[in-house]
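Using the sequences and the accompanying hints, generate a full structural model.
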Amino acid sequence: MNRFRAFINGADIRRFRFWVQLGFFFLLVYGGYFMINLGQSLPTFSCGFNQPGRAGVCYLLPLQHQTHIPWDSIISGRGLGILTGLLTFLAWLFVFNKAWCGYACPLGTIQDWMTSLRQKLGIRYATYNLDWFTRLKKIKYILLILLIVIPFLMANSVAGLPKLPDDMGTPFCKICPARMVIPAMTGDFSQWTVDFSTGTAAAMTGLGMLVLGIFFVGGFINKRFFCFFCPMSALHSLFSKVALLKLRKDGSKCTRCGDCYRACDMQIREIADDVESTTLVKDDCMMCFKCVAACPEEGALKASFMNIPIYESTEAGFFKRMTKRGKK
Amino acid sequence: MSAEAQVKQIEMVRRQLSRESAEALNKIEKDFPDNPKSMDYFYDLYRRVHCEGEAPHGDKKVIGTTCVQVPEELIYAVGAVPVRLCNGSHTFDQLGAEFMPAKSCSLVKATLGMLSSEVASWLDQGGDIVNVTTCDQKTKAGRLMEEAGYRVHHLELPPSKESEAARTYWQSNVNGFARSLESVTGHKITRNGLRDAIVRVGRAQQAYRRLHRLRMSPLAPILGKDVFLVTNAYFFDDIDSWTDAVEVLNDEIERRCEEGFGAAQRRAPRILFTGSPPIFPNLKLPTLIEQSGAVIVADETCSANRMLYDVVNVDEWQLYDMVDALADRALKPCTCPIFVSDEDRKRRLLELARTFAVDGVVYQAFSGCQVFEMEQRSISRFLADEGIPSLYVETDYSPDDLGQLSTRIEAFIESLKARRRRK
Ligand code: SF4
Ligand code: SF4
Ligand code: SF4
Ligand code: SF4
Ligand code: SF4
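Protein chains in written order, with my numbering: chain E, 1063 to 1390; chain Y, 257 to 679.
Hints are computed from structural coordinates only; laboratory data are not their basis. Where hints are given, some of them may not hold.
Here are some of the chain E residues that sit facing chain Y, going by a computed Cβ distance under 7 Å [claimed, not checked]:
1. Thr1129
2. Pro1132
3. Arg1186
4. Ala1188
5. Cys1319
6. Asp1321
7. Met1384
Even for Gly, the Cβ is constructed at its ideal location relative to N, Cα and C.
Listed below in structure tokens is the structure:
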């Protein structure tokens, strides 16, 4: 058992993640061809526009449809639909927490591939200035609110204002880079257009194309560029406290050496500097556990599932990884 | 002074120095029974370098450093060897008094004394030094080194490490240092070169950490005076030979642990040593502690733990990331009292005290070292609140206070023993 533990803790998390991510990428992007269907409430960008390849649908799509609903029908069957959708979403999240982002999301994986490419080319990454960064990160919550509120305002007139035009439907999808990137993985580029049918549609899809451009440029120079602004991540973080998979820290063992902070693609400073909290899943965290692999202190950081440690920082593991990677 | 008188003076200093070193070494080696066999490598090293004046690195390019904050990997990467100049000899301390105010720290005085005396064989012709702007005395000493004819790179350290601004400032200074190393040596830092240097230092740190961990054993397998000697050798020894020698020592210590062999008595109080760094030949206080029947099981000083413990993590093995990572490793975990906050130092002491089942802490401050003196109160209060007895000792390199010190140390150790019995 101890031997097994030591083996796991000495694992090269990059290699492991690479394969798991690749697996999920195939599953979520091409699974549909194999009749796999994981439902409509996946807590990850398994884009609904990727038909027939998708093996399940990103929860944000039904969510935006469902909130396009008049007040009075909330207590009807449609309201029930919202509830079951949300509960299924929560069930998925409850088990794997934000690891959906670090291990499963195809859009996240694509960003990681861009990062590897940049790394191979020896081009330095960009980082945000911390002040700016703290402010910018809030965008994801604004997007989350908007993607719920806009469809609702299409169906209801609030305070006597006119309803929003109908072509505002699924507003976030219009600007979501996944709508263009994921279907393209199956050769479908039909989303890469600006829809000139109405003014709003043109504006929204035009904005979408712009976001797509920013996604590629930003994602190349910045690690996980899009994830900082992703409303899915915002939605996760509302519920991530109760999930079974956790990232734990024992502050008394932490030297605040910052090794974990350096490894963190999401620039989460607290992972090194916070020595009080025992659970440290910050809103941007994608539970990739790179920080655990980077930490040289026995048991300072650990990934745990239902309070059972599954991957722990150890001195031996740290040096094993260092020697291995430093050799290449 | 005439040339002849100068030669004579140098000769005198040299003799005095080698006498001082030999005496200290004798005490450390001969006054204690059961030294590990593999310590002979180190005793012999000190004998050659400190007593006989052998140049440790032959004709390799040497760069002198004055603090643990210097990322030595960069120096290895330009094909040079870092040698830490912080000095522990009373002979040099007296020489250095000429350059510094009367009430300044022995360590800085001794370092300056050595650099001005042309006795030490540490540096080569180029006389390149990287001096870190840590405390006021070291900062200004950098200028004095320049006056003494050395080429000094002043590596600027921020006075606090909490803010992100401090971190980026320091990172850019370390990058500047890397460039200046390249121009001084005419060697480019390459990706492979730096990566190898990182792995090389990592291997040394891994060996150190193993030794550190072995000392957790309930029956102390090695005395602290020997460990200080070992870590001190890292200042000037060839890094690979040092690592190999430490691993051999580790194997022996591990065997001792398995056989249940203790280097000190079973009931010997376990001491955590903190404060101003013990540097050979000034191992006065550690030796005294262990002569009085206690055993040093861990330390928090920059001639040992603070220098070797914290390891670097590189995320992208490219130059841009490696240099920044080295900068982070130096700054972020450092528990040096020159920083505004003492939180990390407190936490480190507490963690060491717990994991090493420590009975008491001995806090050494060199008289004149303001920062360690200033942190004393808060640290002592903190330790007291945690129920850990501590003893504060203000001392310097001169042997004059030995008698008075030994009375205090013995009393402290007696009280620790009594406390143990009560438990
Ligand atoms: S476009 Fe984006 S938000 Fe909409 S379904 Fe696809 S992945 Fe989800
Ligand atoms: S935060 Fe990133 S990984 Fe997570 S769902 Fe959004 S795009 Fe995918
Ligand atoms: S790597 Fe480990 S010891 Fe270092 S700051 Fe992070 S948690 Fe603390
Ligand atoms: S905090 Fe750790 S698990 Fe979370 S994103 Fe950063 S490195 Fe990954
Ligand atoms: S006490 Fe602090 S400044 Fe002085 S050498 Fe040690 S680490 Fe450097």
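Consistency of the hints with the structure:
no. : hint    : in the structure
1   : Thr1129 : violated, 39 Å
2   : Pro1132 : violated, 48 Å
3   : Arg1186 : holds, 4 Å
4   : Ala1188 : violated, 11 Å
5   : Cys1319 : holds, 4 Å
6   : Asp1321 : holds, 4 Å
7   : Met1384 : holds, 5 Å
The structure is inconsistent with the numbered hints 1, 2 and 4, although it conforms to all the rest.
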